[in-house]
Amino acid sequence: MQTKLYKKQMMMIYASFRLMLPPGASRYFSQTCVRCCKPKDPLKNLKKSQINNLLDDSASFHELKESKENDCASNPYPKEAVRVAKRRDQSSYSFRPSVNPSETSIFLFPGQGTQFVGMGKKVLDLPQVRELFLAANDILKFDLLNMCLEGPKSQLDKTMYAQPAIYVTSLAAVEAVRENNPRAVEGCVATAGFSLGEITALTFAGAFSFETGLKLVQIRAEAMQYASDLTPSGMMTVFFGADAKLGYALNLAKEWCIRQGIEDPECCVSNYLYPGSKIIAGNEEALHFIEKNASDFNIRKLKRLTVSGAFHTKLMQDAVSPFSEAINRAEVQNPLVPVHSNVDGKMYRDVKHIKRQLPRQILTSVKWEQTMHILYERPVDIQYPQTFECGPGQSLKAMLNMINKQAGYMCKSITV
1 MQTKLYKKQM MMIYASFRLM LPPGASRYFS QTCVRCCKPK DPLKNLKKSQ
51 INNLLDDSAS FHELKESKEN DCASNPYPKE AVRVAKRRDQ SSYSFRPSVN
101 PSETSIFLFP GQGTQFVGMG KKVLDLPQVR ELFLAANDIL KFDLLNMCLE
151 GPKSQLDKTM YAQPAIYVTS LAAVEAVREN NPRAVEGCVA TAGFSLGEIT
201 ALTFAGAFSF ETGLKLVQIR AEAMQYASDL TPSGMMTVFF GADAKLGYAL
251 NLAKEWCIRQ GIEDPECCVS NYLYPGSKII AGNEEALHFI EKNASDFNIR
301 KLKRLTVSGA FHTKLMQDAV SPFSEAINRA EVQNPLVPVH SNVDGKMYRD
351 VKHIKRQLPR QILTSVKWEQ TMHILYERPV DIQYPQTFEC GPGQSLKAML
401 NMINKQAGYM CKSITV
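Counting from 1, position 101 in the sequence shown corresponds to residue 101 in this note's numbering; the numbering is continuous, with no gaps.
Please note: incorrect hints may appear among the correct ones.
[Unchecked claim] In silico DSS-like pairs for lysine-lysine, Cα to Cα no more than 30 Å straight-line:
no. : residue 1 : residue 2
1   : 397       : 245
2   : 405       : 303
3   : 301       : 153
4   : 303       : 412
5   : 352       : 153
6   : 158       : 141
7   : 215       : 122
8   : 121       : 158
9   : 141       : 153
10  : 355       : 314
11  : 153       : 397
12  : 397       : 314
13  : 153       : 292
14  : 245       : 292
15  : 405       : 301
16  : 153       : 303
17  : 122       : 158
18  : 303       : 122
19  : 346       : 397
20  : 314       : 292
21  : 352       : 314
22  : 121       : 397
23  : 215       : 314
24  : 215       : 412
25  : 355       : 397
26  : 412       : 122
27  : 292       : 303
[What the hints assert, rightly or not] Here are the simulated distance ranges between beta carbons:
no. : residue 1 : residue 2 : range
28  : 264       : 149       : 34 to 44 Å
29  : 181       : 242       : 35 to 45 Å
30  : 314       : 415       : 14 to 24 Å
31  : 352       : 261       : 39 to 49 Å
32  : 229       : 124       : 27 to 37 Å
33  : 298       : 128       : 41 to 51 Å
34  : 264       : 415       : 41 to 51 Å
Keep in mind that the hints were calculated from the coordinates and are not lab data.
Don't be surprised by glycine CBs; every beta carbon is placed ideally from N, CA and C.
Assemble the whole structure, with the sequences as input and the hints as a guide.
Next comes the structure, spelled out in C-alpha cells:
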C-alpha cells in the first residue's frame, strides 16, 4: 500500500516538476528532519580529540582497514569510536521512503573548479537546453553559451563567469536526464550540491525558479570575486595519510603570516572531500608556506585549484552581506525534494532555514564527506539508489567512490 501511494505521489510531482516552478505549487516531501535518538552517555570513554575527529573531520586522520559491514572505501572512524559511530545513525538525517532504494535516485551538483572550455556542447541538441542558455544570456547580459563553448579559459575561470556557467550547464545536464530517463527525475528522493552546486540543487528541487537561482548565483559570484580581490588568497587540495600533521601545518602557516606582518591571517580546511583528502584555503602567503614545507608535515601531494579566492573561510566575510540581502528579497519556496546543506549535511527544513543557512555557507567549510555518509549510510543488505552527477566533470563520482564504493558504483556522471 505504501509503495503504491509513494509511486502515485511521485507521478503527481513529475507532472508539474519544471525548472520554472509556479508559485503555490503543492509540495510532497516533508522538510522535517528526522532526528536520531541521543544515546545514553555515548562519549564517556572517548578522548576529546577522538570526538572532534568523529564529528567534525569525519576522522580522516584515522584510516582503518575496509569495513566488510558497510563496504566503504575506508572506515572513517578510529577503533575506539566505532561503537559510537554505529549508534549515531547518519541515515536518520536523510529521507528514506518505504520503497526499494534501487527505484529511487539522488542528484548531485558540482561546484566551482569543474568548469572547462567546451562544456555544454554535448547537450546542445536538446531544444530545452538552448532555451536555458538563451534565458541566461538575457538575465546575465552577456553571451554565456559562447563563454562556455569558446572561453577563453582565463575568462571562464573567473568566479563571476565560472559560477553562472556551471549553474546553467548543470541544469542542462538535468534536462538530458529528463529526456533520456524521466523515471530518474520522477524517483528523486534527495539532492545536494557542492558549494555553488547547492543553489543548483535548490533550483532543481523547486525552491528557486531558474531565473531566481541564476540571479542569486550571479550576485554570489560577484560578491565573492570582490572579496577575493581584497586579499591575495587561494585554495589547495591536500592529499595525506594517517601520519600527516595537517592541523599543525595550518597553525604554523598562520603564525608565519603573522611574523610577516599580515594581520588576522587565515589558513583552514574549507572542504571535507573524502578520507585522506581535504581542501585548505587562506592567504596566499600561508598556502605558499605549506607548499614549501609539505614534507615536514607528511603531506603527500598538493594541488592548486583554479579559483580566485579562499572560499568558505572568513576571508569571504565581505561577500556575505550582499548575498544575504539578495536572498532575503528573493522569492523562495519550500523544496519539493529534500536538499542537504553544506553547512551540516542535514536537510533544509523550510524557507527561513534556506535564507539563514545559504549566506553562512559562504564562510563555512563544506561538509561534503559528512553529507555523503548521511545520504548513503545503510545496512549491508539494503540496496543503493541510483545517483546522477549533473554538471561539468566527474569529481563528485570520484569522491563518492572514495567514501562508499557501492554508492559510487551506482553513480553516473552526465556528459556535458
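Results for each hint:
1. A C-alpha spacing of about 28 Å is found between residue 397 and residue 245, which places the hinted pair at or below 30 Å, so the restraint holds.
2. A C-alpha spacing of about 24 Å is found between residue 405 and residue 303, which places the hinted pair at or below 30 Å, so the restraint holds.
3. About 25 Å separates the Cα atoms of residue 301 and residue 153, which keeps this hinted pair within 30 Å; it holds.
4. Taken as a hint, the residue 303 and residue 412 pair is honoured in the structure, with Cα atoms around 25 Å apart against an allowance of 30 Å.
5. The suggested pairing of residue 352 with residue 153 is violated, with an alpha-carbon distance near 38 Å, which exceeds 30 Å.
6. Between residue 158 and residue 141 the CA atoms are separated by roughly 16 Å; this keeps the pair inside 30 Å, and the hint holds.
7. Straight-line distance between C-alpha atoms of residue 215 and residue 122 comes to about 25 Å, which keeps the hinted pair within the 30 Å bound.
8. The straight-line distance between the Cα atoms of residue 121 and residue 158 is roughly 20 Å, inside the 30 Å bound, and the hint therefore holds.
9. For the given pair, residue 141 sits about 19 Å from residue 153 by alpha-carbon distance, which is consistent with the 30 Å threshold.
10. With a C-alpha separation of about 19 Å, the suggested pairing of residue 355 with residue 314 holds against the 30 Å cut-off.
11. For the hint linking residue 153 to residue 397, the alpha-carbon distance of about 24 Å falls within 30 Å, and the restraint holds.
12. For the hint pairing residue 397 with residue 314, the CA-to-CA distance comes to about 29 Å; that is within 30 Å, so the pair holds.
13. For a cut-off of 30 Å, the pair hint linking residue 153 to residue 292 stands: about 28 Å separates their Cα positions.
14. Distance check on the hinted pair: residue 245 and residue 292 sit about 15 Å apart at the alpha-carbon level, within 30 Å; holds.
15. Restraint check for residue 405 and residue 301: satisfied, since their Cα atoms lie roughly 23 Å apart, inside the 30 Å limit.
16. For the hint pairing residue 153 with residue 303, the CA-to-CA distance comes to about 18 Å; that is within 30 Å, so the pair holds.
17. At most 30 Å may separate the alpha-carbon atoms for a hinted pair to count; residue 122 and residue 158 meet this at roughly 23 Å.
18. With a C-alpha separation of about 28 Å, the suggested pair residue 303 and residue 122 falls inside the 30 Å cut-off, and the hint holds.
19. The suggested pairing of residue 346 with residue 397 holds, with an alpha-carbon distance near 20 Å, which does not exceed 30 Å.
20. Restraint check for residue 314 and residue 292: the C-alpha separation of about 24 Å stays at or below 30 Å, so the hint holds.
21. Of the supplied pair hints, the one linking residue 352 and residue 314 holds, its CA atoms being roughly 23 Å apart against a limit of 30 Å.
22. Under the criterion of a C-alpha separation no larger than 30 Å, the hint pairing residue 121 with residue 397 is consistent with the structure, at around 21 Å.
23. Pair hint residue 215 plus residue 314 holds up; C-alpha atoms about 24 Å apart against a cutoff of 30 Å.
24. For a cut-off of 30 Å, the pair hint linking residue 215 to residue 412 stands: about 29 Å separates their Cα positions.
25. Between residue 355 and residue 397 the alpha-carbon distance is near 29 Å, which keeps this suggested pair within the 30 Å criterion.
26. Taking the CA atoms of residue 412 and residue 122, the gap is near 16 Å; set against the 30 Å cutoff, the hint holds.
27. Straight-line distance between C-alpha atoms of residue 292 and residue 303 comes to about 13 Å, which keeps the hinted pair within the 30 Å bound.
28. Look at residue 264 against residue 149: about 42 Å separates their beta carbons, and that is inside 34 to 44 Å.
29. Distance hint for residue 181 and residue 242: a CB-CB separation of about 41 Å, consistent with the stated range 35 to 45 Å.
30. Judged by the Cβ atoms, the range 14 to 24 Å given for residue 314 and residue 415 is violated: they are separated by roughly 37 Å.
31. Taking the beta carbon of each, residue 352 and residue 261 are about 43 Å apart, inside 39 to 49 Å as hinted.
32. Taking 27 to 37 Å as the suggested C-beta distance range, the pair residue 229 and residue 124 conforms, at roughly 33 Å.
33. The hint said 41 to 51 Å for the Cβ distance between residue 298 and residue 128, and at roughly 50 Å that hint holds.
34. Against the hinted window of 41 to 51 Å, the Cβ-Cβ separation of residue 264 and residue 415 comes to about 44 Å, which satisfies the hint.
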